[in-house]
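Sequences listed follow chains X and U, in order.
Quick note: the first sequence uses the working numbering, first residue 89, plus one each step.
Quick note: the second sequence uses the working numbering, first residue 89, plus one each step.
Calculated from the structure, these hints are not laboratory results.
Hints may contain errors.
Copies of the same chain look alike in the list, so a pair counts if it fits in one copy or across any two.
[Unchecked claim] Think about it this way: if two alpha-carbon atoms lie no more than 16 angstroms apart in a straight line, the pair counts; the simulated EDC-like pairs of lysine to aspartate or glutamate are:
{"no.": "1", "residue 1": "Lys276", "residue 2": "Glu112"}
{"no.": "2", "residue 1": "Lys263", "residue 2": "Glu158"}
{"no.": "3", "residue 1": "Lys154", "residue 2": "Glu193"}
{"no.": "4", "residue 1": "Lys276", "residue 2": "Glu240"}
{"no.": "5", "residue 1": "Lys263", "residue 2": "Asp145"}
{"no.": "6", "residue 1": "Lys263", "residue 2": "Glu193"}
{"no.": "7", "residue 1": "Lys97", "residue 2": "Asp119"}
{"no.": "8", "residue 1": "Lys269", "residue 2": "Asp189"}
{"no.": "9", "residue 1": "Lys276", "residue 2": "Asp119"}
{"no.": "10", "residue 1": "Lys190", "residue 2": "Glu158"}
In case you want the letters, here they are:
2 protein chains.
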Amino acid sequence: MDFADVVAKRRMVRNFSERPVDPEAIERILDYARRGPSAGFTQGQDFIVVTQQELKDAIAELCHEKSYVERGFAPFISGAPVLIIPCTTENAYHRRYQQSDKVREDGSEIDWPVPFWFMDVGCAVMLILLGVVDEGLAAGYAGAMDLDMLRELLNIPAEVTPVGVIPIGHPAPDKRSPSLKRGRRDEKEVVHHEGW
Amino acid sequence: MDFADVVAKRRMVRNFSERPVDPEAIERILDYARRGPSAGFTQGQDFIVVTQQELKDAIAELCHEKSYVERGFAPFISGAPVLIIPCTTENAYHRRYQQSDKVREDGSEIDWPVPFWFMDVGCAVMLILLGVVDEGLAAGYAGAMDLDMLRELLNIPAEVTPVGVIPIGHPAPDKRSPSLKRGRRDEKEVVHHEGW
Numbered sequence: 089m090d091f092a093d094v095v096a097k098r099r100m101v102r103n104f105s106e107r108p109v110d111p112e113a114i115e116r117i118l119d120y121a122r123r124g125p126s127a128g129f130t131q132g133q134d135f136i137v138v139t140q141q142e143l144k145d146a147i148a149e150l151c152h153e154k155s156y157v158e159r160g161f162a163p164f165i166s167g168a169p170v171l172i173i174p175c176t177t178e179n180a181y182h183r184r185y186q187q188s189d190k191v192r193e194d195g196s197e198i199d200w201p202v203p204f205w206f207m208d209v210g211c212a213v214m215l216i217l218l219g220v221v222d223e224g225l226a227a228g229y230a231g232a233m234d235l236d237m238l239r240e241l242l243n244i245p246a247e248v249t250p251v252g253v254i255p256i257g258h259p260a261p262d263k264r265s266p267s268l269k270r271g272r273r274d275e276k277e278v279v280h281h282e283g284w
Numbered sequence: 089m090d091f092a093d094v095v096a097k098r099r100m101v102r103n104f105s106e107r108p109v110d111p112e113a114i115e116r117i118l119d120y121a122r123r124g125p126s127a128g129f130t131q132g133q134d135f136i137v138v139t140q141q142e143l144k145d146a147i148a149e150l151c152h153e154k155s156y157v158e159r160g161f162a163p164f165i166s167g168a169p170v171l172i173i174p175c176t177t178e179n180a181y182h183r184r185y186q187q188s189d190k191v192r193e194d195g196s197e198i199d200w201p202v203p204f205w206f207m208d209v210g211c212a213v214m215l216i217l218l219g220v221v222d223e224g225l226a227a228g229y230a231g232a233m234d235l236d237m238l239r240e241l242l243n244i245p246a247e248v249t250p251v252g253v254i255p256i257g258h259p260a261p262d263k264r265s266p267s268l269k270r271g272r273r274d275e276k277e278v279v280h281h282e283g284w
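Extracted from the complex, chain X is given alone in its bound form:
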């Protein structure tokens, strides 16, 4: 699909049909995700694909799916054919920037002005969300509130941060997020020229 169309069509979807998702589409989507940039080419991102119903139910509980359903949304996490859990590992960046080509002259690690491990996983998430549209699928996003319980459920190492849950499937009619009533910020407010 044309890039501009992919960007324009992308939106958060919170209901999926029971139609199965082609595993090869998920593979292609994750190939896109692996092509995201990362500071020092650290590539500190991992992705967990979940399709087993018991796991999806448990993950949905950790994302408080019930509170969505109480507000009229579909059970879009437990009911999605596929979940992808994007993860990022801050320590991978520290290990990378302690290597000889990255340390400062005195041998110390740089001071990190911003946590690039969270920005880089954001890049990977964006590639997943766009790739989903390119595959004719739809995706949502849910935050998991208790990361330790999610780690335990999916056997995620302690140093790894699962940053949320991306439910993926063929779209079904859904209730739109009330947040959209806020409207999109105007270009003139968002873009600044030659200074803020």
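On the provided structure of chain X, position chain U as indicated by the hints.
Chain U in isolation, oriented as in the chain X frame:
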């Protein structure tokens, strides 16, 4: 351009020709950036476009461009026709999640499991980097080490975090990042099924 081609062609470029960049291309790229997702549709992202040479020189200094040049790279920040500085505002998220439709039942703000303000600006950065390719341009990325000096230079409010500098232009032959020698992590290592 086809989405898959855009993703495949994207890479960090560290040299640009003197050929000017169409301002309308930058506008389209920033329209893509504004379409990124954000928690609670907070849209806590702003973008500063810089084309004035004096500002570009000062920004290049804050990004330690000299140390790149000493290692054989082109002056890819001061020499780029356009710089975009993506910014994110954590406080915008706190303000959003203190609104009536987002507070918890006891009126308190949620505990943030991950800093979505950095993930969301990562999404916007990814859209910029892809949009650049779609426009037939190229982009790099540089971290600014002293955020307070960058704030002062560009009149950025104290609560706003400029997360880096994206130089944009028509590509010129460049020295590749030595980090690429690390190679891309294998799909089997990065993707986990039904658990880590």
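Tell me the numbers of any earlier hints that the structure contravenes, in ascending order. Checked against the structure, the hints that fail are numbers 4, 5, 6, while the rest are satisfied.
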